[in-house]
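J.: Sequences listed follow chains A and B, in order. Our numbering puts the first residue of the first sequence at 1, with every later residue one more than the last. Our numbering puts the first residue of the second sequence at 1, with every later residue one more than the last.
It should be emphasised that the hints constitute simulated quantities derived from the structure, not laboratory data. As the structure is a computational prediction, the values presented were derived from the model and not from experiment. Possibly wrong hints are sitting among the right ones.
[Claimed, not checked] Here are some of the chain A residues that sit facing chain B, going by a computed Cβ distance under 7 Å:
| hint | residue |
| --- | --- |
| 1 | F52 |
| 2 | N57 |
| 3 | A182 |
[As the list claims (entries may be wrong)] Quick list of simulated restraints, FRET-style, between CB atoms:
| hint | chain 1 | residue 1 | chain 2 | residue 2 | range |
| --- | --- | --- | --- | --- | --- |
| 4 | B | S172 | A | I93 | 47 to 57 Å |
| 5 | B | G23 | A | P130 | 51 to 61 Å |
| 6 | B | S27 | A | G28 | 49 to 59 Å |
| 7 | A | R275 | B | G23 | 37 to 47 Å |
| 8 | A | G28 | B | E41 | 31 to 41 Å |
| 9 | A | R275 | B | A176 | 50 to 60 Å |
| 10 | B | Q122 | A | S128 | 28 to 38 Å |
| 11 | A | V45 | B | D118 | 56 to 66 Å |
| 12 | A | M254 | B | S172 | 46 to 56 Å |
| 13 | B | V115 | A | L108 | 21 to 31 Å |
| 14 | A | L142 | B | D118 | 27 to 37 Å |
| 15 | B | S240 | A | F276 | 39 to 49 Å |
| 16 | A | G28 | B | L28 | 51 to 61 Å |
[Unchecked claim] Per the computed footprint, the stretches of chain B lying under chain A, defined by three or more beta-carbons under 8 Å from a beta-carbon of chain A, are:
| hint | region |
| --- | --- |
| 17 | 10-19 |
| 18 | 90-101 |
| 19 | 249-260 |
No residue lacks a Cβ here, since even glycine has one placed at the ideal position from N, Cα and C.
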Amino acid sequence: MTARDAALSGADLKESAEIDVEDIATSGPSNRELWCIRVASIIFVLGAWEYFGRQANPLFASYPTAIARSFVTLIENGELIAALITSLKTLVISFVLGTVIGLVLGLLVGRYRRFEASVDWIISALYSTPKVAILPLIVLWLGLGAPTKIFLVTMTVIFPILINTIAGVKNVPAQLIDVGDAFAASERDIFLKIILPSAIPYMIAGIRLSVGKAVIALVVAEFFTAISGLGALITKYGNMYDTATMFVPILTLMLLGVLLQSGAKAAEKRLAAWRFTD
Amino acid sequence: MARRIKLSVENLSKTFRVSAGRGAPPSLLPVLRNISFQVREGDIVSLIGESGCGKTTLLRIVQGLVARDAGNVKVDGKPVSAPGQDRGFVFQQASLLPWRSARENVEFGLELRRVPADVRRQRAAELLKLVGLGAAGEQYAHQLSGGMQQRVGLARALAIDPALLLMDEPFSALDAQTREELQAELLRIQSKTGKTVLFVTHDLDEAIYLSDQIVVLGARPSRVKTIIDVPFPRPRPPLSKLRGEPRFQQIRDEVWELISQKTAAVA
């Protein structure tokens, strides 16, 4: 039996009885095998880094064990935690603000054509502007403190979410709106019971996109305004030519990004559970 | 025995405006012209006609999804022009909300009426049982086969207990076997609930098997060509048996003749 035949008869089986069909003969590598490959790859890359990193001038490069030692030191003297909390505050506030603004605005722009016409040009303009480029101006308005950082990160977070939400609302299948109309649903119910749930996967895709951008904006803001948080740690140890320690906040930022990404993924599994069933 | 008139369509006309592309002036496309017919309480009436003749448009006007240009639609003697829960609609594609389970889809119309959750749940369970899906309530739409999705669509329309059930070629996308199964199911469910049904189809056998009356529409702009009474008593034998009846063939030939002859363009 060819793979195509298997897929076809699999589809038939699925049609008649609700079961999972997998063709044993053509199925790919097992999960277990894939994980073994992944772990081997990690060990190989870290090992190579350690080996070549030790040969290099410690000013230009570092290596895993040295970074681990610096990590312990920074945890013990409390520097890392304090910086992390400062950065997280900015990040969380901006993220909540940006998400709420992006989602609400996106729903309205996507649904109401008159509202869209009144704001779509400004959305395109701001979306295309590199937010970092207006940082000097923002500093003039809001000073060097937290408001400037929050403003920059919020502006960065809004757009991916906004653009995706608009696309989500516009892509609600017309036949589903039809169902709402046929059952005499009010505009409010059509919004809450059809448009919103239909757009959720798009919204979450937008949130996931904005996570990465938010972390970048955060570090830029911490470099160029009142120096604080993880960005400050990077600057400080960079200026001290302590490359191993400088890597600690960088890796922390990386972990933060990964964690936020998987948080968004988990939210998607909860909020759009129907897309993850077979 | 004179039964009440459930649905009355009077002198209904509809013309669409079709944009012919950039620069060209829009042209007018008359679809329905002066359509009148009535549906008695408890009857199943089919609208049949060749594709593009406007039968779906007619059904959507009755539901209130499309505005009419002229004429009247009356349900239980009251004129209707907007969608309302006195009419239940079953779509050609089941159009289930994919983020809802089968049960939650059935509850949709009741939710809009702010029916309490426990009442909704019970009603949905009854209806899923009625359409033969008692065990599938917690499945999502995409986990159900096409036939099962259409059963959920039917349960969703019945849940609001409409005076009139409107069905827009609901079985046309199904394979032949499933289609016959569901046609028989519809007859069973209709006899149990006593619902009045207006059913759009282009399938002659389906129209004859299901209906008490068949309204034959001509080509666009369509008008009612004939209304044919289908004399078979209910409950009816399976379609495969009924097909063997000489009277069945006779009606089939008659309707076929009417549909296939091109209407002379009369004003």
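J.: Determine for every hint whether it applies to the structure shown.
T.: The hints, checked one at a time:
no., hint, result
1, F52, "50 Å, violated"
2, N57, "57 Å, violated"
3, A182, "4 Å, holds"
4, B/S172 with A/I93: 47 to 57 Å, "55 Å, holds"
5, B/G23 with A/P130: 51 to 61 Å, "41 Å, violated"
6, B/S27 with A/G28: 49 to 59 Å, "56 Å, holds"
7, A/R275 with B/G23: 37 to 47 Å, "43 Å, holds"
8, A/G28 with B/E41: 31 to 41 Å, "60 Å, violated"
9, A/R275 with B/A176: 50 to 60 Å, "32 Å, violated"
10, B/Q122 with A/S128: 28 to 38 Å, "54 Å, violated"
11, A/V45 with B/D118: 56 to 66 Å, "57 Å, holds"
12, A/M254 with B/S172: 46 to 56 Å, "55 Å, holds"
13, B/V115 with A/L108: 21 to 31 Å, "29 Å, holds"
14, A/L142 with B/D118: 27 to 37 Å, "53 Å, violated"
15, B/S240 with A/F276: 39 to 49 Å, "42 Å, holds"
16, A/G28 with B/L28: 51 to 61 Å, "58 Å, holds"
17, 10-19, "violated (count 0)"
18, 90-101, "holds (count 7)"
19, 249-260, "violated (count 0)"
Figure legend: structure checked against the earlier numbered hints; hints not met, in rising order: 1, 2, 5, 8, 9, 10, 14, 17 and 19.
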